[in-house]
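Novice: Take a look at the letters that make up each chain.
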Amino acid sequence: MTYKSYKIIREAKMIEFRYLTKTYDRGIRALNNITLKIERGEFVFLVGLSGAGKTTFLRMIYADERPTSGFVYVSSKDVGNIPNRNIPYLRRQIGIVFQDFKLLYSKTVFENVAFALRVIGTKEAEVYKRTIKALNIVELTQKKSCFPHELSGGEQQRVAIARAIINDPPILLSDEPTGNLDAQLTNGIINLFLNANEQGTTVIIATHDLELARRYGGRVIHIANGEIIQ
Amino acid sequence: MRFQTTKYFIKEACINFKRAGVMSYASIGIITVTLFVLSLFLLFTTNLKGVADLLVKRTSVLVYLKDKIPQQQIIEFEKTISEMEQVSEVVYISKQDALKKFKENLGENKDILDNLPSNPLPNYLEVKVKRSNFVWDELKKISEEIEKSELVTEVDYGQRVVNILDKITYGLMIIIVGITIVLGLVTLIIISNTIGLGLFAREEEIAIMKLVGATNWFIRCPALIEGLLQGIISGGMAIGLLWLLYKFIVVKLSTADALFQLIPIKFIPLEFICGILLASALSGCLGSFLSLHYFLKPKK
Ligand SMILES: Nc1ncnc2c1ncn2[C@@H]1O[C@H](COP(=O)(O)OP(=O)(O)OP(=O)(O)O)[C@@H](O)[C@H]1O
Ligand SMILES: [Mg+2]
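For the protein sequence lines, the chains are A and B, in the order given. Heads up, the first sequence is in our numbering, so the first residue is 10 and it goes up one at a time. Heads up, the second sequence is in our numbering, so the first residue is 1299 and it goes up one at a time.
Chain A with its partners taken away, still in its complex shape (with noise of 0.2 Å):
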């Protein structure tokens, strides 16, 4: 019931901010009156500087904060006003690579990845077999038993990127999602979300770095002092 009224359904206008303006609590006004659309399967980079206000843009459609005024539609759902029970059921269908990963420090990284399966009561068998394939496209098999602080940071980073794609969601939204890789590596993540976006998932890519964006095309979202730029 909670599940299919938030489904995320693959339809043309999948992201839509209305005159959003976000202020936290020291009156920080992180994004300010900010209206736009995102279509379906777009590949998009937010770019801007630290401090910009990216983070904040992607927190409002995963509803992690809610807006101080206007709208985020996700799927023509009013995400800024989800009752908060049926937040699990919208992020289940978002994968989220968090800018500090937010790993299950107790956990390994097989655990880690298989945690977004496990939430939505997949069978053992299923679990195993499609962790060990995330892994594998994160090249991370190897270290499927070790703890994240054993890992280094792009590592760590890999295994948050698995766990994000790994439910195969709608929307896949990526905060720096290569700040600690190699140019090899990055090159080798953003296929991925390349590939992911063939099947019609929308990325999208917070970055400082526009020189990442212009490499790779796609559109480009300018965001400064939480403001859009033309």
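Think of the hints as simulated: they come from the structure by calculation, not from any bench. The structure displayed is predicted, hence computed values, not measured ones. Some hints here could point you the wrong way.
[Unchecked claim] Just a few of them, taken from the derived set where beta-carbon distance is under 10 Å, the chain A residues facing chain B:
{"id": "1", "residue": "Y71"}
{"id": "2", "residue": "N93"}
{"id": "3", "residue": "L112"}
{"id": "4", "residue": "F124"}
{"id": "5", "residue": "V128"}
{"id": "6", "residue": "I129"}
{"id": "7", "residue": "K132"}
{"id": "8", "residue": "E133"}
{"id": "9", "residue": "K138"}
{"id": "10", "residue": "L201"}
{"id": "11", "residue": "H231"}
{"id": "12", "residue": "A233"}
Every residue, glycine too, gets a C-beta built ideally from N, C-alpha and C.
Once you have looked at the hints, place chain B with the ligands on chain A.
Specialist: Same frame as chain A, now just chain B with the ligands:
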């Protein structure tokens, strides 16, 4: 819920239990002791009547009969009673015999009875009951059965003593209910504290789980199972300790003086055992539910 997920929850609960380490064992230790104290009271109450029975060696019921009952009916009545379980012997004592007995008891003052216009004493039956553990309960049961007959005016089985014992037991029960509530709260607080500490250490992790799409129930279940585990283990250990103590007392008594050898000691009945386990399991669950409340409240 899927079996798959349940298995995962149980595994998680065990991991968290182990991770809490000394705290888990300390909390189980304290709860075990509190429950043990409670079960001691229960053991005492259970055996109160048995001990009283030894002190007051009453094993017979006096059944006073109505006047002018045909002899035949009395004989039949006697027979019915003697066929009852636990009854060893029934003796009929007529009005005349009763008066004679009474006079004998009066000794040299027996002349004062000579002036009576008629014999005021009733015919009665003395029903002897087989010795057994908990003879009080037997006496009461038999008396209630006999009292139903229309031939009977009154039954005396030492009601006064039994009533006093019943009152003491009742009073004890009230005390026990009081203690149970207090100890239940203690258990609740201890478990909610232990599990709360564990959750506190995992606050960050819980936030992450929510970000990846875990529902509150998904986070709650392992902690509830953990509380349940702590409760049941404590309850089980308390009952185990009580059993050891019980066995120890029984062995001690059997080698003690003859008088003490007769004290019939019973273990607490099954209902109490189930009650203790159920109460400890429930307060374990409730305890962790309460501590979860803080960690699962929505942002803002
Ligand atoms: N939880 C918060 N409470 C208060 N202010 C916040 C919070 N999160 C972010 N901000 C403020 O909002 C502004 C935008 O922050 P945001 O994290 O969105 O920037 P960003 O573009 O992701 O930066 P970076 O590239 O460094 O990650 C910053 O000025 C920051 O100080
Ligand atoms: Mg950021």
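Novice: Against this structure, judge whether each hint is valid.
Specialist: Against the structure, the hints come out as follows:
1. Taking 10 Å as the C-beta contact cut-off toward chain B, the hint placing A/Y71 at the interface holds, the least distance being around 7 Å.
2. At its closest, the beta carbon of A/N93 sits 4 Å from a beta carbon of chain B; the interface hint therefore holds under the 10 Å criterion.
3. For the restraint placing A/L112 at the interface with chain B, the shortest Cβ-Cβ distance is roughly 7 Å, inside the 10 Å limit, so the hint holds.
4. For A/F124, the interface hint holds, since its Cβ comes within 10 Å of a Cβ in chain B; the closest pair sits about 6 Å apart.
5. Proximity of A/V128 to chain B holds as hinted, the smallest CB-CB distance being about 5 Å (cut-off 10 Å).
6. Because the smallest distance between the Cβ of A/I129 and any Cβ of chain B comes to about 7 Å, under 10 Å, the interface hint for this residue holds.
7. Proximity of A/K132 to chain B holds as hinted, the smallest CB-CB distance being about 6 Å (cut-off 10 Å).
8. Hint on A/E133 holds. Least Cβ distance to chain B is approximately 6 Å, under the 10 Å limit.
9. Below 10 Å, beta-carbon pairs count as interface contacts, and A/K138 has none with chain B, the closest being about 14 Å; its hint is therefore violated.
10. For the restraint placing A/L201 at the interface with chain B, the shortest Cβ-Cβ distance is roughly 19 Å, beyond the 10 Å limit, so the hint is violated.
11. A distance limit of 10 Å between C-beta atoms decides the matter here; for A/H231 the minimum to chain B is near 27 Å, and the interface restraint is violated.
12. Here the hint on A/A233 is broken, as its CB sits about 27 Å from the closest CB of chain B, past 10 Å.
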